[in-house]
Structures are given as C-alpha cells and as structure tokens.
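A.B. asks: Spelled out from the first residue to the last, the chains are:
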Amino acid sequence: MNNVFIDVDYAQIYKHGQKIGGDVFLLSRNPESNQIVCTLSDGLGSGVKANVLASMTAHMAHKLSFSPISLSHSAEIIMNTLPVCKERKISYSTFTIADIHYKNDMENINVRLVEYDNPLSLRFRGTEKITWERERNELRREAAFKKEVVQYSTFDMEIGERLIMFSDGVAQSGLGKTLPLGWRNSGVEAFVTDLVSKQPDISSRELSAAIVQKANSLDGMCSKDDITAVVVYIRRPRKTVIVTGPPFSKESDEVLGEKIRAFDGRKIVSGGTTALIVSRLFNKKITVDLSCWSPDIPPASKMEGIDLVTEGMLTLSQVAKVLEDKTPPSTLPNSPVRKFVEILLDSDQIHFIVGTKINEAHQDPNIPVEIGIRRTIVGRLRAALENIYLKETSQEYL
Amino acid sequence: MKKEKVQVRICVGTACFVQGGSDLLLYNDFVDPAIIAECEIEGCSCLETCKAGGEGAPYVQINGEVHGKVTQEEFARLLAEAVRKNA
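As they're listed, the protein sequences go chains A and B.
Residue numbers 4 to 401, in my numbering, belong to the letters of the first sequence in order.
Residue numbers 1383 to 1469, in my numbering, belong to the letters of the second sequence in order.
Possibly wrong hints are sitting among the right ones.
Unchecked claim - DSS-like cross-link-like pairs, simulated, lysine-lysine; straight-line CA separation at most 27 angstroms:
1) A:K342 / A:K305
2) B:K1385 / A:K288
3) A:K305 / B:K1433
4) A:K287 / B:K1387
5) A:K262 / A:K360
If you're looking for bench data, these hints aren't it; they were derived computationally from the structure.
None of these values were measured; they are calculated from a predicted model.
Between the sequences and the hints, there should be enough to build the whole structure, so can you do that?
C.D. replies: The structure is reproduced here in structure tokens:
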C-alpha cells in the first residue's frame, strides 16, 4: 500500500427549495493510468435546466480529460456543444477541471487545472496560502455574448497541500444580507486558514462540509444558489485495523496481540470473545457502555488503547448495510454502528484481521435472528468500502 | 461500614443479546427501583459459559454466580432474592 494518499471529497447543498441542483461534481479515479479527474460544473439558473447544463458540461469535461485531446480544445468543444437557454438565448455553464496525475510511487503529484468562470480555486500548504501563475486564454465563440476567458495552470502538489474548488454559491453566500458583497474568495480563504489552524489534519470530507455549512449559514440557512465545495488533500494515509473473531488456535492469541500493538493507526475490536482475548493480552479492563444500544445493536464497550470495542456479527452486518445503502452517518442514531461507520469513512486504508475460530454459541438453532458467516460479512464490508467509498482494504486470517 | 452492592453482569455477546439479553437491558422498566438501587449492574461482552455447555442464553452473573436462560421475570426475582440475602 502507498504511503501517500490523495483525499478528494465534496459537499453540496442545493438552492433552498430545490430537489435537484445546478452544480454537478464528478470524480473518477483511474488507477490504470494513475489519474484522478475531478470536475465541478455550475449550470445557468437552478433546478432541472441548470442540472441538465451542468451534467452535460461535467460529463463532457470528464470524458475529454481522459482522452488525449488538449484541454484548450476540449474547453472549446464543451462550450460549443451546450444547448441554448430558451429565455436568455445563451448557452452557459461554468466549470473547473482538476486533472491529477501521479507516478506509481505516488511521488510527483501533478495537477492540470482548467478554470472557466467559477470562483478561482485556492491552494494551501497547511494554513499558508499559495499563489501560482495562471495562463489566461481568451476564447471567442460565435453567438457568444462576451469574450470568454479560460484559465489554465499546471503545478505539483506535495504532502500537506490542499486544493479547494467551489461554486459561486459559496463565494456569493450572504450577498446583500450579512455581507454586502458576499463571502468572496477572501472570506473563504480566511475561514479555511482558521479551520486548518485549529484542525491541521481535517479530512476533505469534513473541510468541504464545513465550508458548505458556513456558506449556508451566511445565507440565513436558506441558500440562494447551489452551494458546492470540493477539497483535494494530499496526505499520509489514515489507517484503521478491524479485529474480528478469535484466532483459530490459542497459540495465535499472542500473535494477534502483537499485530494490534504494532499497528500504527486506529483500532477497532469487533466481537465479544475477541474483546475478552484482547483485554487479557493487554491486561486492560473492558467496560460496557449501557447507555447506547438498540434491539438490533448491542452496546459498545470501552478499553484503553482501542478506539472502539463493539459486539461482533450483529454490529458488523448493520455496518455493512449502512455502507451499502450509502446512509450518511450523521443521519444515524447515536449507536456503535454510527461510531464504526464514522471511523471507516475517515480512514483511507482499512486492514481486517479475521479470526477463524467457530463460535459454538452461534450454532444454536434456537437463535431467532440470522447470524451471518464472518468471512461473508467481511467480504461485503470490503466490497462496499472499495467500490462505493474508494478505500483501500486488505485482509488476513488468523 | 457501607454495605457492598449486589454485583450484576448481563451478557451482551451476540448469542445472548439476540436470545433475550436485550430484554434484560430494559431492567429499569420491569425491576423495582428500590432493588436496582441496591445493585451495581453492568454489561459484559461474554461470560464464557455458553461455550462450556451451560443452560442456554441469555446468561447473567449475580454476585459471581452465573444463571442461564434468564427471562425478565426470572431476572427481577433473582435480583430481589440477591438483595434480600445481601441485606
């Protein structure tokens, strides 16, 4: 597994009262060509029409970025292809494309950025703002109502750097209300600097959500436009180990303990018997937290040195279900499953240590609910984490 | 000297939890509060009786003694009895 991770995530709020947005964000990772393409597009107006414009733009930009056509040519093709608005007689949507290339060893991360009429993107190294040269390119289309400026730039990104892209819904939030000219780029910049100085390791998911929430609150919680923020963050991967199931033979217990102790990252122990073994090995007491549980999910426990201790199969199958249904953890009740999912979503590389000992107590035919097979559940978790959340996972049996 | 409370541990391992252990965790709803006040109730991830061929889940440990197949009524009765003995 790599020791560098490109963390890309976004957050979005639609214009108040709209069920569909005019801001469209697309993200593709193409491991074969070592390329990540993120496209943010904002269509004219809001609602369905804007969504059609933005979706078309984003998809075209996206497809063209993976093709060998030059970016300037692609931009021209996109602008000439967009349909014309019936009322305003213009075809219009803005876009920002970040085309990220990296070498196999994840060194030399190179970004090609194309910006057209979106607020200019921001770059930070930690809390320090980075300015860079952009090449301005004027495009004159037939029937266009003004000269259009597309800005290109190329730069390398290093560990600890962030690239932040957002739609005008962010830059113009609070316009005419709390702020006469809106939040503007300078406001976003100050906000990010402040937040990053408080939480230097803030993930892209949290940072983009924070920007969007702040913009929405400036609009009086009644957004005037679609608000979208995208964060690209280059950092060391966050690792999590999930230990579930007792090892097949008692002699392997010590091996398990050593693996947990040596692991650099967050640690989850899932399983009652497994937790007992770990508590014995580490000589730490387990205390069950009876305050949060439900008929489906047994309570979690606390143990020094372990970030989360939960029951095994029932909790894991609920976690798998939440991941597969793409339920946002913030909508879940306060339960061990929520904590579990939050840790998973905040990790980049997840390692499973699966004990293969059969639990006799689970073989009782009187048990009223179906208790799955550990290996199957772990398979479901890994598939969901890799396919839906683009995490790296690995697994070993003990 | 202050007398020791009755030590109660309810198993919340998978097998116990799905076979009635979750009902026992609602002890506030069916056990006399005066009795609960005399007990120190905590959860436990496994009492390790299930694999040794015990009576059947769910298991509860009261003052060191493990009881199997405990229902809500049984739980209330066992606690009352333990508190009486403890007095």
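A.B. asks: If you test the structure against every hint from before, which numbers come out violated?
C.D. replies: Checked against the structure, no hint fails, so every one of them is satisfied.
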